[in-house]
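**Student:** Read off the chains here:
Protein chains: 2
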Amino acid sequence: MKTYQAVTEAVLQELREITGAAHVKTAPHILQSYSEDESGMLAHRQAEVVVFPGTAEEISRIMKLANRRRIPVTPRGAGTGVCGGVVPVYGGIVVSMERLNRILEVRENGLYLVAEAGVRTADIQAAARAKGLLYAGDPCSSDSCFIGGNLATNAGGNKAVRYGTTRQQVYAVEAVLPTGEITQFGSVLKKCSTGFCLEQLLIGSEGILGIITKVILKLVPLPPYRFDGLIIFSSLEQAVSLVPKLMQSAVNPTSVEFMDKKFVRRAVQYCRVPLPHWQDAYYVIVTLEAFCSEELARMTETLVALGETCGAVDMVKADERVWKVRRNCLESTRELSRESTSEDLVVPLLQIGNCLHTLMKKAATYSFEAFCLAHAGDGNLHFQLLRGDLPAAVWQAEVADFRKFAYPFVYRSGGRLSGEHGIGCKRVAYMEAYTDPVELAVMKKIKNALDPHGILNPGKVLREE
Amino acid sequence: MKTYQAVTEAVLQELREITGAAHVKTAPHILQSYSEDESGMLAHRQAEVVVFPGTAEEISRIMKLANRRRIPVTPRGAGTGVCGGVVPVYGGIVVSMERLNRILEVRENGLYLVAEAGVRTADIQAAARAKGLLYAGDPCSSDSCFIGGNLATNAGGNKAVRYGTTRQQVYAVEAVLPTGEITQFGSVLKKCSTGFCLEQLLIGSEGILGIITKVILKLVPLPPYRFDGLIIFSSLEQAVSLVPKLMQSAVNPTSVEFMDKKFVRRAVQYCRVPLPHWQDAYYVIVTLEAFCSEELARMTETLVALGETCGAVDMVKADERVWKVRRNCLESTRELSRESTSEDLVVPLLQIGNCLHTLMKKAATYSFEAFCLAHAGDGNLHFQLLRGDLPAAVWQAEVADFRKFAYPFVYRSGGRLSGEHGIGCKRVAYMEAYTDPVELAVMKKIKNALDPHGILNPGKVLREE
Numbered sequence: 001m002k003t004y005q006a007v008t009e010a011v012l013q014e015l016r017e018i019t020g021a022a023h024v025k026t027a028p029h030i031l032q033s034y035s036e037d038e039s040g041m042l043a044h045r046q047a048e049v050v051v052f053p054g055t056a057e058e059i060s061r062i063m064k065l066a067n068r069r070r071i072p073v074t075p076r077g078a079g080t081g082v083c084g085g086v087v088p089v090y091g092g093i094v095v096s097m098e099r100l101n102r103i104l105e106v107r108e109n110g111l112y113l114v115a116e117a118g119v120r121t122a123d124i125q126a127a128a129r130a131k132g133l134l135y136a137g138d139p140c141s142s143d144s145c146f147i148g149g150n151l152a153t154n155a156g157g158n159k160a161v162r163y164g165t166t167r168q169q170v171y172a173v174e175a176v177l178p179t180g181e182i183t184q185f186g187s188v189l190k191k192c193s194t195g196f197c198l199e200q201l202l203i204g205s206e207g208i209l210g211i212i213t214k215v216i217l218k219l220v221p222l223p224p225y226r227f228d229g230l231i232i233f234s235s236l237e238q239a240v241s242l243v244p245k246l247m248q249s250a251v252n253p254t255s256v257e258f259m260d261k262k263f264v265r266r267a268v269q270y271c272r273v274p275l276p277h278w279q280d281a282y283y284v285i286v287t288l289e290a291f292c293s294e295e296l297a298r299m300t301e302t303l304v305a306l307g308e309t310c311g312a313v314d315m316v317k318a319d320e321r322v323w324k325v326r327r328n329c330l331e332s333t334r335e336l337s338r339e340s341t342s343e344d345l346v347v348p349l350l351q352i353g354n355c356l357h358t359l360m361k362k363a364a365t366y367s368f369e370a371f372c373l374a375h376a377g378d379g380n381l382h383f384q385l386l387r388g389d390l391p392a393a394v395w396q397a398e399v400a401d402f403r404k405f406a407y408p409f410v411y412r413s414g415g416r417l418s419g420e421h422g423i424g425c426k427r428v429a430y431m432e433a434y435t436d437p438v439e440l441a442v443m444k445k446i447k448n449a450l451d452p453h454g455i456l457n458p459g460k461v462l463r464e465e
Numbered sequence: 001m002k003t004y005q006a007v008t009e010a011v012l013q014e015l016r017e018i019t020g021a022a023h024v025k026t027a028p029h030i031l032q033s034y035s036e037d038e039s040g041m042l043a044h045r046q047a048e049v050v051v052f053p054g055t056a057e058e059i060s061r062i063m064k065l066a067n068r069r070r071i072p073v074t075p076r077g078a079g080t081g082v083c084g085g086v087v088p089v090y091g092g093i094v095v096s097m098e099r100l101n102r103i104l105e106v107r108e109n110g111l112y113l114v115a116e117a118g119v120r121t122a123d124i125q126a127a128a129r130a131k132g133l134l135y136a137g138d139p140c141s142s143d144s145c146f147i148g149g150n151l152a153t154n155a156g157g158n159k160a161v162r163y164g165t166t167r168q169q170v171y172a173v174e175a176v177l178p179t180g181e182i183t184q185f186g187s188v189l190k191k192c193s194t195g196f197c198l199e200q201l202l203i204g205s206e207g208i209l210g211i212i213t214k215v216i217l218k219l220v221p222l223p224p225y226r227f228d229g230l231i232i233f234s235s236l237e238q239a240v241s242l243v244p245k246l247m248q249s250a251v252n253p254t255s256v257e258f259m260d261k262k263f264v265r266r267a268v269q270y271c272r273v274p275l276p277h278w279q280d281a282y283y284v285i286v287t288l289e290a291f292c293s294e295e296l297a298r299m300t301e302t303l304v305a306l307g308e309t310c311g312a313v314d315m316v317k318a319d320e321r322v323w324k325v326r327r328n329c330l331e332s333t334r335e336l337s338r339e340s341t342s343e344d345l346v347v348p349l350l351q352i353g354n355c356l357h358t359l360m361k362k363a364a365t366y367s368f369e370a371f372c373l374a375h376a377g378d379g380n381l382h383f384q385l386l387r388g389d390l391p392a393a394v395w396q397a398e399v400a401d402f403r404k405f406a407y408p409f410v411y412r413s414g415g416r417l418s419g420e421h422g423i424g425c426k427r428v429a430y431m432e433a434y435t436d437p438v439e440l441a442v443m444k445k446i447k448n449a450l451d452p453h454g455i456l457n458p459g460k461v462l463r464e465e
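If you read the protein sequences in the order shown, they are chains A and B.
Here the first sequence is numbered in the working numbering, starting from 1 and rising by one per residue.
Here the second sequence is numbered in the working numbering, starting from 1 and rising by one per residue.
Next comes chain A alone, as it looks inside the complex:
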């Protein structure tokens, strides 16, 4: 374990010289609100100071100061994460990216966009759309999350089946390294065989290898034709059998969402929009997009034929009511239980059926309530476990027991702990327990090589040695 120093008045003074006094904050309510994330996960310790730098150069100076004085630094985007990735577990300096909030360039003819890390994802999507183009990254929190955080966690989202996760949307990343240097990894290139692909190493590293300050993102043509279908099944096996068939069938779906019976029932009740068979059915919602109407028609016909093959009991066009139900799944369970926890497991497409079946059956053996929805097209299974009225000790023991079963099972199936949320501080112990030891050792060697004092976002992803 590294030893860290406290933020003294001398440190605060240095920080004020770097960013200007107005951008260095120590008021208790600010320290508190910048010490937790969207999940409400609290730090064991709080931030000692929150700094709001305006440039990469200022962040560079902060990192050099932190290295000299051995103070932990926690970079923070919009704080919409749910795994404690921005929680300052060792106190120290929180660096908020809020002031790096400019879209610097939208090059429609070059199909790229340059933005600072603190720009809201929705603003990037809007800037692309204003030029008739698509930025394909689309996390559910796009209205509030920052693009830098999307890269840090390799966020998934609504279009990941067709377009890939955030890492597939990135040409280049400017970052401040743990030791304070500013550099850019990558360039606006469609191919490159010139040394290591460091931009992909940085993306998904959850802020422990560098603070992302600027991004160059890919833009793509916006498909003008779209069809949303709701495919309804009475059995889990039939519902999940649709997924690999769909992926093989050359319809290249933009989105394939799965909801279990409990989520369908609960979310429909919550939204008060009765949908077909809502009392007792599994839903698969599929979005198809195309550049010509005949192509969309072909894709839609294929989808319908596959739905029939797989034994769908009903198929309807999915209108806004269906998406409303889907979007409100998590919200709909909130009034059932003040406390809950969510899993973000990811498995190979061929394993979805087996994993859903096994894990839902296992979950049913506990006293907590378990709901399941899946970004099925990319194998990402979200289990929502609700505490309800359970005593704390029972709740904790049962969740621990479920995980003890679920995680090794998922790893044996070729899966991983997190499909899109990340490890943060929430899953460090599990990361340590289930990652191949050789792979884990490589990650730690890289972390130590780039951050010898272990000051950048410590306590996240990897356990310090």
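What the hints contain is simulated information worked out from the structure, not anything from laboratory work.
Positions of the beta carbon are idealized from the N, C-alpha and C atoms, including for glycine.
Any given hint could be a false lead.
[Stated by the list, open to error] Derived coverage of chain B by chain A (criterion: at least 3 residues anywhere in the stretch with Cβ under 8 Å from a Cβ of chain A; other residues may be distant):
1) 64-71
2) 239-249
3) 410-417
Once you have looked at the hints, place chain B on chain A.
**Tutor:** Then chain B, alone, in the frame of chain A:
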């Protein structure tokens, strides 16, 4: 600089114990032929022994032996590289992957294929096609190159515009690390936010971070409709103006190839297939593919309209004759000059015009002959410089002078030294000179962290410290 030890009889004996005596070779003609690559680049030193292991476990034992005895190890695929990536510049052990040549699994319903690193790329393509699927990696050398080498160099190829380079085709990589451990990076997952993306770090690292032993590759549905068009221009500006327009236009071309006037003339003469305007024209060859005929028709109409907008003098369907001319470009210049050198520059799409114009103009000021073809859809510019009858000193001085102009110019344009061939030992000095020093230092820190004795493929990509 690291110090290496010689391969002694005791080392040979250990190697024989690992792989069996039949797979340890020291005959002079074998040492020689395993010490050069396709470019004929010779090592300053030759291999001292060539080993043909049959499993990852054997390679692991070889690496542990090499670490203990401080002997350099050079992994080798089919030797089709052109930058000396497999040339054993410090002698030592060459590890040939030829015996790891099995396709282990083709999962059509899971859309993936598992193969050992020494499988020919063409065999992987054929195995996918036999199931009605496409493996989209398609380097020009696919008939002879190995898939492991494709990953090591992040090979480009004929379909990279639509499908991306080799790194986009990979789910997971099994490798033997420099220190001898065997591990797998990645899994058959469409998304993942569980620690660093180490598979992408390994891909394109040219065998200096690990020896790739097994790969899990993505397969995709095979588009049944295809159109090839030859778009003919009288001016360079018009020809290259087509490229960004095409990429914006939602036709998602599979391939966009550019040939300058000299290559058109020379390759047509060589192949004896007179094509329209061959005496004095720039060619752009475009491949479009689709899953329905109406979609292909829409794409073709868009292509024709863009060709007109850009001032094409003629447009014809590109049949096999056109592709024959394109394929024979390099071959056609071989009888003009026994010695030549090629550049593999890559630039942003918007810079292609400016870079081609500037570099072709600069090249024309020298006594060597310069030909240019480009994988224009991905910004990859190949210049072929021919020595002809020039005295060696003039030739070398002129090539050096051209590079001294071209490389900084390309880097200022956001480009890089290599789009698809790699750095190998050919471009190490340039890599050192033109890479951002911070980025270069990060690469070296990672290399040193994973290969503390510097024994895996030394002298490639990075200069040893």
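**Student:** Each hint: holds or not?
**Tutor:** Results of checking the hints against the structure:
no., hint, result
1, 64-71, "violated (count 0)"
2, 239-249, "holds (count 5)"
3, 410-417, "holds (count 4)"
When the structure is compared with the earlier hints, a violation turns up for hint 1 alone.
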